Amino acid sequence: MGKGPSHCVKVLIPDVNLLLNLQRYAYQSRLKMFSKMGKWFSSFEHRASEASGYGRGEGCSGVVLMPLSLAEKEGYSIRAVIRNSVVNQDGKTQRIGAPSASAQPAAIKTAYSQIGLPPWRNI
1 MGKGPSHCVK
11 VLIPDVNLLL
21 NLQRYAYQSR
31 LKMFSKMGKW
41 FSSFEHRASE
51 ASGYGRGEGC
61 SGVVLMPLSL
71 AEKEGYSIRA
81 VIRNSVVNQD
91 GKTQRIGAPS
101 ASAQPAAIKT
111 AYSQIGLPPW
121 RNI
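As numbered in full-length UniProt numbering, the sequence shown has no gaps in its residue numbers, which increase by one up to the final residue, 123.
Where hints are given, some of them may not hold.
Pairwise CB distance ranges (calculated) [to be verified]:
| id | residue 1 | residue 2 | range |
| --- | --- | --- | --- |
| 1 | Asn17 | Lys92 | 29 to 35 angstroms |
| 2 | Cys8 | Arg56 | 33 to 39 angstroms |
| 3 | Glu74 | Gly97 | 33 to 39 angstroms |
| 4 | Gly57 | Ile82 | 25 to 31 angstroms |
| 5 | Asn88 | Ser35 | 38 to 44 angstroms |
| 6 | His7 | Gly55 | 16 to 22 angstroms |
I should point out that these hints are in silico values taken from the structure, not numbers from a laboratory. If you're wondering where the values come from, they're calculated on a predicted model, not measured in any experiment. Where a beta carbon is used, it is the ideal one built from N, C-alpha and C, also for glycine.
Could you build all of it, start to finish, from the sequences and the hints given here?
Given below as structure tokens:
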């Protein structure tokens with residue numbers, strides 16, 4: 001959503017979850033993790049007390065990102081507002097996908113300070 005040749009006004013970000021590994025089901029079943037009722041209840045539902053275990057499922061979803069002013073102008077239902085984002089990498093983690101104990105809090109502090117939010121007390 002920046003400027004330049006790749007600039008765009010709206011972005012669709014889709015996501016799909018496919019459960020293709022039967023081995024996962026086998027060990028979760030042996031651990032009796034699954035709901036006896038075969039149903040899933042959100043922890044926010046009034047029926048959550050009826051939940052008896054874990055429920056796996058496939059699904060797809062997506063979000064549309066656009067400038068707040070455009071979403072308001074076009075009458076979209078706004079669920080969240082991204083106020084800032086930052087990227088960093090200190091190159092010193094155990095694995096490529098592992099967060100850095102020093103770089104991650106630094107990124108959060110930077111993101112907060114750039115938009116004038118007070119930093120978290122625990123960082």
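Earlier hints that do not hold, by number
Per hint list: single violation, 6.
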